[in-house]
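Novice: In order, the protein sequence lines correspond to chains A and B.
In this text, residue positions in the first sequence follow the working numbering: the first is 9, and each later residue adds one.
In this text, residue positions in the second sequence follow the working numbering: the first is 9, and each later residue adds one.
It should be emphasised that the hints constitute simulated quantities derived from the structure, not laboratory data.
Note that the list lumps identical chains together, so a pair holds whenever it fits in one copy or between two copies.
Simulated pairs of lysine-lysine, BS3-like, Cα-Cα distance not exceeding 30 Å:
id : residue 1 : residue 2
1  : K509      : K495
2  : K509      : K76
3  : K432      : K232
4  : K495      : K432
5  : K265      : K507
6  : K76       : K495
7  : K507      : K349
8  : K349      : K76
9  : K423      : K265
10 : K495      : K474
11 : K507      : K473
Protein chains: 2
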Amino acid sequence: MYKNATMQRSAIVDLGSNTARLVVYAHEPGKWYRLIDEIREPIRLGAGVQPEAGLDEAAIDRALAALKLYSDYARATSLESIDVVATSAVRDAANRETLLSEVRELGLTVSVLDGEEEARLGVTAVANGFALRDAWVVDLGGGSAQISHMVDRDAVDCRSFPLGAVRLTETWLLGDPPKTSEIESLERAVVQQLAPLVDILRASEHPIVAMGGTVRNLARTIQKTQQYPLPLLHNYFLSRAALDELTERLAGLRTRKRARIPGMHPDRADVILAGALVFRRLLHVSGRDGLWIAGQGIREGAFFERFLPAPHRVPDVGKFAVQNLFERHAQPRRHTQRVRKLARSLFAGLASLHGWGEREAELLDAAAVLHDIGKTINHYDHDHHGEYLVESAPLAGFSHVEQALIALLVRYHRKGSPSPGRFKRLFQRDDRRRLLDLAVCLRLAEKLERSRAGRVRDVEVEIRKKSVRVTLLAAEPPFVELWEARKQTGFFERVYGRKLKLEALGDEKEKAPASGDSIAGESRSRQ
Amino acid sequence: MYKNATMQRSAIVDLGSNTARLVVYAHEPGKWYRLIDEIREPIRLGAGVQPEAGLDEAAIDRALAALKLYSDYARATSLESIDVVATSAVRDAANRETLLSEVRELGLTVSVLDGEEEARLGVTAVANGFALRDAWVVDLGGGSAQISHMVDRDAVDCRSFPLGAVRLTETWLLGDPPKTSEIESLERAVVQQLAPLVDILRASEHPIVAMGGTVRNLARTIQKTQQYPLPLLHNYFLSRAALDELTERLAGLRTRKRARIPGMHPDRADVILAGALVFRRLLHVSGRDGLWIAGQGIREGAFFERFLPAPHRVPDVGKFAVQNLFERHAQPRRHTQRVRKLARSLFAGLASLHGWGEREAELLDAAAVLHDIGKTINHYDHDHHGEYLVESAPLAGFSHVEQALIALLVRYHRKGSPSPGRFKRLFQRDDRRRLLDLAVCLRLAEKLERSRAGRVRDVEVEIRKKSVRVTLLAAEPPFVELWEARKQTGFFERVYGRKLKLEALGDEKEKAPASGDSIAGESRSRQ
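So here's chain A without its partners, still in its complex pose (with noise of 0.2 Å):
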C-alpha cells in the first residue's frame, strides 16, 4: 500500500482556535488519496484572545509543544511536504509574530490565513464534499465564524464573524451553567453580527452546510441519543428541532456534567454550548429547518489545493467519491468495467418496467464499481465485507440513505435476499424498490461476467407482455455464465413480476449438462 513511484504524502497542520490537528495525506495527485495519520490537540491557543489583545505565554507554549511534535514527526517519516495555516487566534494576536518566529525556528512554514482565505478553503472543502453546486458554507471554529456563499461550486461572498466558541464563552458564558442573561446577551450579539447576511440568507433557498469540530461534536451527540443506524457524521441532516433541544439541555448544565453527555468531547464540554447558540441563531434568523454537517475542513480545503490544480475542483464529487474507495481495495479493472457495462445495459432495457432515473443509474453503477471490494478481506463471505467497507467512511456525493443502499446492493450482488436490515430506519416509501430493481440488474450483470472472461459483450432487452427476454451477445459460447444466470430467473419474476428468458445468440446447439439445477454453484464460506 505505501510505496509506489508517484504516491507522495503531504501533511497539513491546522492550527487552529481551540485545537492544532497534524493531517496526512497519501495521494497520487488528481487520481486518490486517503488520510493515513492524525495527531490532534487541544491547544487552546485562542483562550485569552479579544481583538485588541496578545496570545498568552501559556497558550504560545502550548502550541509550540504541539508544533515540535509535528515538525518531529514530519522528519522522522520523511513527509513530503507539511504545511502550518494559522486561523483566527493567529491573525488577530498583537503579539503574534512572537509566535511565528518561535515556529519558524522549527523548520515550519506557516500560512496565516486572513478571514476570506479562510473561507475559500471551507468552500473548498464543501464543494469537493457534497454534490452541491450552491449551498451557504459556515465554518465555526474556536476564534472565528466564516460564512461564505458558494455559488456554482465557487466561492463569492466571504465573511468572518467573531463569533468562535471560545471567544463567545469567554466574553459571555461566565457561569457555570451560565445565567440565563449571560445567554440571552450572547444570543443578542449573534443577531447583531449577522443581520448584515439576515435578509441575503432569508431570500435563498441554498442550503446550510457547517463545520468545524464545534458542530460535529453537536451532531454526534445528537445520533447517539438517537442511535442513527450508520457510524457517519459527514452528510447528516442536523435539524432545527434536535438541535434546540440539546442547546436547552446543554444550557441547563455544568461543563462537568456536559462533559458526560455520550457523545460529548470532553475537551469542547465548556464551549460547546456558545457554538450550539450561533447555530440556533442562525437556523432561526434565516428560516431554515436544519444544516447539513461537513466531516472536512480548511485542513481538507488546504489538502485539495495540493491534489488537484486550480479550481481545485473534483469534476464529479460522488463518481471521484467512488473511485477514490475503488482505489483503495482495487479489484481486477476489466472485469469491474464489464459488470458496470452489463448493470448499465439491463438497467437501460428494464428502463420501462422499473421506471427509475438517472440518480439510480448512478447508484447501481457505484455498487457495480464496488461489488468486489470485501475481497481484499476475504474472497470467503466477501459481499458482507464488500459491505463493511462501503458503510465505514462517508461517501462524499451520496446521501446516508444512498451510501446505505449502495452497500446493500453489494451486500446482495451474488446472493440472498435483499432487505434493508439495520437501515430500515432511514428507508423512505420507495427505497425498498428501488434496492430489489437495482438488485436484479447487479446480480444478472455479475453471473453475466461469471468466467470473468468477458465472454457476455452486451445485452439485449425485450419486454414482452408476461416475459422479459434477454439475448447475450458473445463471441463464444457463454456457458456458465447462461447457467448462472439461469438461476436468477426466481429473483427476477419476484421482484419484476414476469418471466426471465435468456438467451445467447447462437448458442442453441450447445450441449447442456444433465442435472440442470445443480451445476455452477456459488462459492460459500468454509472458514
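Place chain B on chain A using the hints.
Specialist: Same frame as chain A, but now just chain B:
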C-alpha cells in the same frame, strides 16, 4: 493488489465424489498467499459408483461441464497454472479412462490420486493449518474416507476406507427418512471397517482433526444452533455431545426437511446423515469427546506443494498466519517492528507481576504485528476496523479464544477499556486478565512509538514495592512519546495495581508544555 513481479496465480481443481471445486490462489511462493476465487459445483460424480461399476454417463457429463468451465476460466483470466486432482470416484471407476480422455481434450492435466496420496495432501493441509505436531487426520469425502496418523507434522500410516458419504448413503440409507434398521446396518459396517484402527486410536492421545464438506457442514449447523460468536469453522471443536444430538435429529427427518435446517447446505442434505454416523461411530470407538474441524482440505494440500518446497511445511503455523494477514493489509514495517520490540520488552520487564509465559508473549506479538492493519479501511476507527479484519478469517495456529484475544488487543491498542464484548462466552477464568495485562503492554508500546520515528529504542523496567519505573532509552528527547505514554498511567495502575513512573534517560531538563493533561490527544472519528 493484483500485480507484482513475483506474484503468481495458481489454480487447483478438486474433482471429488460429491463436489468439484476450483480454487485460485494469488501468492508469492514461500511468502504469502490468498484465495482469490472459487467456483464450486455439486457434480455428484460418485453417484452410482460401486467399486465394480463405472461412472454413469450423466455424472460424466456433469463433471465435464464443470471442467469445461474451469478450463475456460483459466484461459480467460490467464492463470499461471491449473492442476486437477481427482479422488476416489475417479480412481475407483472401471471406466475412468472415458472421462480422463475427454478432460485431456479440454487441455487440462489430471492427477488421479491413490488413497495414500490423497491422505498425504490432507495431512499437509493440517500440518500448515494447526499448531499441532501430532494428530489423526480424517478426511471424509463423497466416495471414501482417508484416515492418517500425523506424527511430528509428517504423514505416517495413511489408510483409505470406502466410507464416503455418497457411497454409504446409496448402499445403506434407502428410506427417506431411513429406517432404524438401515442406520444400524450402516453403523455396523462403519465399525467393521474401522476395526483394524480401533486399538491404535484408543491407545493414542493425539487429537482427531476432521476435514471435508460433510463435517464442515455438520459443524456449521451446530454453530448456528448455538449462536457461536465467531464466524469461523476452522479450528472449531465439535463435541461428541453436540454431534450425537444433531445426528439423532437428522435421522428423524426427510431430506427435504433437513435441507431447511439453518446452516445446512441443501445439496448435502441427502448424504449428510451418513457422514454424521461415520463421525459419531469414530468418536465412540476411539473414546474421544470431540474433534477439531479443519477448514482446509486436499486442495490446500495440493496448493502448499506449489507454494513451498518439500516437505511443504511452513516453519511456524501461527507466525506465518499472522504474517500472511499482515501482508494482506500491509502497514509501515519499521513502525510495526518497533512496536513489537517495545511490547516484548515491557512484557518481559513486567513478567514478575503478570506471570504469563511464552504463549502470551506470542499473542502479544501477533497483536503488535497486526495493530494497525485496520488503517487499510480507514484511519478513523482503525482500531475497530482492525478487530474486524482479525476476526473475519481463521488465524491458523491459534485457538478461537486466542484469536478473539488478538482481535481485542488490536481493538484496544490505543484507547478504550478492554472488555470481552461478544466473546464473553468463549472466555475462561483467566482470559480477562490475559486481555488486560497484554493490552497494557501493547498500548504503552504504541504510545512510545507515537512519532513513528524510533526515538525510543528500548525500555528498562524496574519493579518497586508500590510502583513500576519504566525508563525510555532514547537518542533524542522523546517528547511526544513520554507525553502520550504518561496518559496511560491510570490504565496501568488499574491493571497492575502500582504507580507507573515514566522517565526518559537524559530528558530531565526538557521543557514541558504548560497544560499537562491536554496535549497530543488521540485522533478521533469525525466522519
